[in-house]
Amino acid sequence: MKAGIIALLTDFGTRDAYAGIMKGVLLSLNPSLKLIDLSHDIDCHNILSASYVLHTAWDYFPNGTVFCVVVDPGVGSGRSILIGGAGGKILIAPDNGIASLPVRMHRELKFYTLKTEYLESKAKNRLSSTFHGRDIFAPAAALAAGGKLVKLKGAEIKPMLLKEAFTRIDKDRSSINGSILHIDRFGNCITSVHRQDLNLFHRPDGVEIYLGSAAASASHKQEKRLPDLKKHYSEVGLGKPLTLIGSAGFLEIAVREGSAAVQLGINVKDEVHLHFIERKRTS
Amino acid sequence: MKAGIIALLTDFGTRDAYAGIMKGVLLSLNPSLKLIDLSHDIDCHNILSASYVLHTAWDYFPNGTVFCVVVDPGVGSGRSILIGGAGGKILIAPDNGIASLPVRMHRELKFYTLKTEYLESKAKNRLSSTFHGRDIFAPAAALAAGGKLVKLKGAEIKPMLLKEAFTRIDKDRSSINGSILHIDRFGNCITSVHRQDLNLFHRPDGVEIYLGSAAASASHKQEKRLPDLKKHYSEVGLGKPLTLIGSAGFLEIAVREGSAAVQLGINVKDEVHLHFIERKRTS
Amino acid sequence: MKAGIIALLTDFGTRDAYAGIMKGVLLSLNPSLKLIDLSHDIDCHNILSASYVLHTAWDYFPNGTVFCVVVDPGVGSGRSILIGGAGGKILIAPDNGIASLPVRMHRELKFYTLKTEYLESKAKNRLSSTFHGRDIFAPAAALAAGGKLVKLKGAEIKPMLLKEAFTRIDKDRSSINGSILHIDRFGNCITSVHRQDLNLFHRPDGVEIYLGSAAASASHKQEKRLPDLKKHYSEVGLGKPLTLIGSAGFLEIAVREGSAAVQLGINVKDEVHLHFIERKRTS
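As they're listed, the protein sequences go chains Y, C and W. Mapped onto the working numbering, the consecutive letters of the first sequence carry residue numbers 1 to 283. Mapped onto the working numbering, the consecutive letters of the second sequence carry residue numbers 1 to 283. Mapped onto the working numbering, the consecutive letters of the third sequence carry residue numbers 1 to 283.
Next up, chain Y with everything else stripped away, as it sits in the complex:
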């Protein structure tokens, strides 16, 4: 059953009417659509952040939802646009890495190139080289919400993936290497290390968490030890740092009622290392 929901995610900000104009186009094509803003304040051109934010919303929208994502530094160049999905949910986004986290967490997702000829011919001489959100993505989302997928789907393709969206687990299963995906409004720093990564190890309680910089962090000596995993903010005092599994299932570095990003000087793409300690059994 189609819910007729379009969930919009862009880096268009809110100083301009860019997102509002997409809504005007959508309602012009189908006045009964429900239009929901995920965010328009993704840092300009930050594809990794957009990929994470998209993932956090994916499971919480009803079947039939069309996720329309426009974080698109390559607009007007030759980049492809993706249309894909699974389980009745549809994603339309530039093929620039935005699909990374949805692909990582939902292996069943399939993607196709979006056929844009029909949409371009509709836009005619109004087609802009800088605002495909208005001229391509919004009309495509309206068609997709109306079930007109045949008009839109080209050849099946493998979407571009960003390596920072994944973790690297050592062969001897002694460590996980990841990076900072996203810094949220509260200054919480979300890493690419998922609860499922931790579950691969037998002793998640025996883990030491280190923060490296994106620059150079080969030796342990340059790393900063982070606090051990907690379940609740309230397990530490006000202003104290902690690590916990955040609401989207990823390891998060936080400060209770404070900003971990500011207090610990963390940036997107900084490295995170988890080391599992072999403890001698005393039994």
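All clues given are correct.
Chain copies aren't distinguished; within one or between two, either way the pair holds.
Result set (BS3-like, lysine-lysine): computed pairs, CA atoms no more than 27 Å apart in a straight line: (1) LYS148 to LYS34; (2) LYS230 to LYS122; (3) LYS240 to LYS269; (4) LYS115 to LYS231; (5) LYS34 to LYS122; (6) LYS124 to LYS231; (7) LYS269 to LYS224; (8) LYS148 to LYS158; (9) LYS115 to LYS230; (10) LYS124 to LYS230; (11) LYS231 to LYS122.
For the record, the hints were derived by calculation from the structure and aren't laboratory data.
Following the hints, position chains C and W against chain Y.
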């Protein structure tokens, strides 16, 4: 008659999809809901500001509206959640002081603890310790909008109130003591002194308004005299300060086409004192 | 056919519930309205920017849309409110220059003074001198969306126009003089020079573009030559400046994946000059 409106007020910001995810949950449970954003840009964890902003909207929404407020620094700790209301309007919020201004202005409001067991069992292993907006508040709001209050209402309780949300009037009725509740986008500084406070005095025209700091302001000498009450911004020149009764009925310190907060160095919780001057009658 | 869409454009920001309260008023009067945010983050009192942003959205909303614009530094003074429109679209805005770009691009627009007596009598003692968005504009927009224009339309008037919203073309057609209308989220600087201005000249390829400051730029020597017109961002390297016709048809100064405003030090109202070079034909 139920309007099926959910009015959302949070400090989730717009960099993330937190507010959008709540909407996904709400529409999953009831696709016909109307979802309105009051604000998601309340300063992080600023309960006093959230309480004021909630009050400004309360009277202007139709009966049946559910106000769902998530400014919740105590998330995951033992804090209770409130469900309450009056006149067909419902409020769901953490019991941390957010109810203060609605309670002050609407004495008929009644509150109950929100029963969360049913909601927690629905969320199952997805229940997060950090995002009750998604897992508890949004589902509760959907149930409340659908009239399922019996499932949600626990024991009646008195909500936590913040003293800064109220005024203290001297016994001899010579002065009112209040504080800064909120600074709005324009830099207007809204105080806790309401038109109704002023109406208790016989000569509201004979009032002197002083600004103290939240720190120490025992003697009048440390206070700063503010301009007398005006009716319109246009009664003073561009860039000049004034005081007036703002659109929500509270005394406001403003600068015409400027920021009173910046120009006068005012912060939330700074003190405000009104002194009523006994003038000799000449009749 | 009426779409029942209200498109809202204000400088109310998102720290407060001002925009949300307008929506509460609108839904109280007509629960079936569709409410779309164009922007609430217009720089405080920046009428020129609001006029431009309004124009960018105008053509992309369906007939029947009511554009309700509240960027209103003169609220509470004697300024008039406009109601006008064309082609089934309606604009309600203060008569302070906001209509400039719609009027420039759509000569068929007609405007009337908004009759506020009925709305003021409805608001009664709740009528605020500082929040006409809630007490006048929102109720007027609900009436307009419901087709009750007779109640609202006063005498026909010519709206106030801002000279910066227009261009001045030299008599000998050797140059166009314009200014910066708006700086968008990405730092793109949109000028008042429209594609239609360029089309008046025979050789749009032979144009040199100069940036002057709003202060003093009488002689060419004080001006800064800008790069020649391109079609796509991707025609220049990352971090390099370019000029192009933006998505709303206006000449735009941009930096690929960067901020032209920051990199080139451009402000709203800075001057832009285009000089057309007479090149000798070699045929």
